[in-house]
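Colleague: Residue numbers (the UniProt record's numbering): 1 to 232.
Incorrect hints may have been included.
Subject to a maximum C-alpha distance of 20 Å in a straight line, what follows is the list of computed SDA-like cross-link-like pairs (lysine to any residue) [said to hold, decoys possible]:
{"id": "1", "residue 1": "Lys79", "residue 2": "Tyr28"}
{"id": "2", "residue 1": "Lys17", "residue 2": "Trp44"}
{"id": "3", "residue 1": "Lys21", "residue 2": "Lys40"}
{"id": "4", "residue 1": "Lys212", "residue 2": "Gly55"}
{"id": "5", "residue 1": "Lys207", "residue 2": "Cys154"}
{"id": "6", "residue 1": "Lys121", "residue 2": "Leu194"}
{"id": "7", "residue 1": "Lys17", "residue 2": "Cys154"}
{"id": "8", "residue 1": "Lys212", "residue 2": "Tyr28"}
{"id": "9", "residue 1": "Lys79", "residue 2": "His132"}
{"id": "10", "residue 1": "Lys40", "residue 2": "Glu54"}
{"id": "11", "residue 1": "Lys79", "residue 2": "Asp133"}
{"id": "12", "residue 1": "Lys79", "residue 2": "Arg95"}
{"id": "13", "residue 1": "Lys4", "residue 2": "Thr101"}
{"id": "14", "residue 1": "Lys4", "residue 2": "Ala25"}
{"id": "15", "residue 1": "Lys4", "residue 2": "Arg105"}
{"id": "16", "residue 1": "Lys216", "residue 2": "Val140"}
{"id": "17", "residue 1": "Lys79", "residue 2": "Leu68"}
{"id": "18", "residue 1": "Lys121", "residue 2": "Ala223"}
{"id": "19", "residue 1": "Lys212", "residue 2": "Asp201"}
{"id": "20", "residue 1": "Lys21", "residue 2": "Ala41"}
{"id": "21", "residue 1": "Lys4", "residue 2": "Lys207"}
{"id": "22", "residue 1": "Lys212", "residue 2": "Arg99"}
{"id": "23", "residue 1": "Lys4", "residue 2": "Arg35"}
{"id": "24", "residue 1": "Lys17", "residue 2": "Ser57"}
{"id": "25", "residue 1": "Lys21", "residue 2": "Met205"}
{"id": "26", "residue 1": "Lys49", "residue 2": "Ser85"}
{"id": "27", "residue 1": "Lys207", "residue 2": "Ala25"}
{"id": "28", "residue 1": "Lys216", "residue 2": "Cys154"}
{"id": "29", "residue 1": "Lys49", "residue 2": "Gln65"}
{"id": "30", "residue 1": "Lys4", "residue 2": "Glu211"}
{"id": "31", "residue 1": "Lys17", "residue 2": "Gly27"}
{"id": "32", "residue 1": "Lys49", "residue 2": "Arg99"}
{"id": "33", "residue 1": "Lys4", "residue 2": "Asp150"}
{"id": "34", "residue 1": "Lys21", "residue 2": "Lys207"}
{"id": "35", "residue 1": "Lys49", "residue 2": "Arg35"}
{"id": "36", "residue 1": "Lys216", "residue 2": "Ser57"}
{"id": "37", "residue 1": "Lys216", "residue 2": "Gly149"}
{"id": "38", "residue 1": "Lys49", "residue 2": "Glu125"}
{"id": "39", "residue 1": "Lys4", "residue 2": "Phe208"}
{"id": "40", "residue 1": "Lys212", "residue 2": "Glu125"}
Derived from the structure by calculation, the hints contain no laboratory data.
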Amino acid sequence: MSLKHVVIGGGTGFVGKRLAKCLLADGYEVTTISRMPAIKAMTWHDLEKDGLPEGTSAVVNLAGQNVLDPTRRWTPGFKQNVWNSRINSTAACARAIERATVKPRVFVSISGVSHYAAGPKPNTEDSAPVEHDFMSRLCVEWERAANLGDNSTCRGVRVRSGVVIGREGGMIASLILPFWFGAGGPIGDGSHDLPWIHVDDLCGMIKFAIEKPEVKGVLNGVAPQLITNKDF
Numbered sequence: 001m002s003l004k005h006v007v008i009g010g011g012t013g014f015v016g017k018r019l020a021k022c023l024l025a026d027g028y029e030v031t032t033i034s035r036m037p038a039i040k041a042m043t044w045h046d047l048e049k050d051g052l053p054e055g056t057s058a059v060v061n062l063a064g065q066n067v068l069d070p071t072r073r074w075t076p077g078f079k080q081n082v083w084n085s086r087i088n089s090t091a092a093c094a095r096a097i098e099r100a101t102v103k104p105r106v107f108v109s110i111s112g113v114s115h116y117a118a119g120p121k122p123n124t125e126d127s128a129p130v131e132h133d134f135m136s137r138l139c140v141e142w143e144r145a146a147n148l149g150d151n152s153t154c155r156g157v158r159v160r161s162g163v164v165i166g167r168e169g170g171m172i173a174s175l176i177l178p179f180w181f182g183a184g185g186p187i188g189d190g191s192h193d194l195p196w197i198h199v200d201d202l203c204g205m206i207k208f209a210i211e212k213p214e215v216k217g218v219l220n221g222v223a224p225q226l227i228t229n230k231d232f
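Build the full structure now, drawing on both the sequences and the hints.
Modeller: Dropping the structure here:
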């Protein structure tokens with residue numbers, strides 16, 4: 001099996017669309033999973049009912065409610081949607097992989113750097129999780145949902161992403177409106193760290209994880225320069 005048919009959960013989102021474009025340009029076949037049916041796409045219901053398309057060689061899950069949407073308040077209902085959209089989609093991908101007669105070679109799942117404790121001490125892929133708030137607990141459960149088990153023949157890669165930036169979406173797009181009306185600025189005193197990554201670098205990291213069989217486990221998807229919210 002060649003690594004040329006990639007199924008992308010959340011393939012119609014900011015990162016998903018950019019990743020699909022990157023893979024298609026390099027000769028990959030891409031199928032997206034989204035809530036609404038589209039050309040060369042399947043719904044989450046299709047995935048649960050029919051499983052992965054025949055010949056799927058890699059699965060990437062990027063699905064999840066945008067937590068940076070400035071028009072949404074962090075109500076209990078919104079937080080539940082943030083949680084469910086990540087955990088349920090990741091678990092659905094994992095179940096589909098385990099049910100597949102011929103399993104994909106790799107499952108790349110996204111989580112976040114909220115997995116780590118905040119503070120001056122640098123964190124690496126080996127740093128232990130600290131479940132101290134909603135986002136940190138979410139990241140731990142997010143990765144747990146992606147677990148295929150020690151005996152799975154499908155290689156698992158978890159990318160702990162920082163805030164994703166780019167012209168067409170992500171944090172930049174979310175900040176345009178408040179700054180346009182003069183309401184933008186640092187959060188609090190602006191001194192807390194803001195790990196970030198450009199969307200093209202994140203897509204390159206995911207593609208690297210797909211193509212390199214020696215890559216498994218955790219990758220930190222952040223820029224090497226650590227800045228604060230005020231610096232940003």
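Colleague: Tell me, in ascending order, the numbers of any earlier hints that this structure violates.
Modeller: As far as the earlier hints go, 1, 7, 12, 22, 23, 29, 33 and 38 are violated by this structure, in ascending order.
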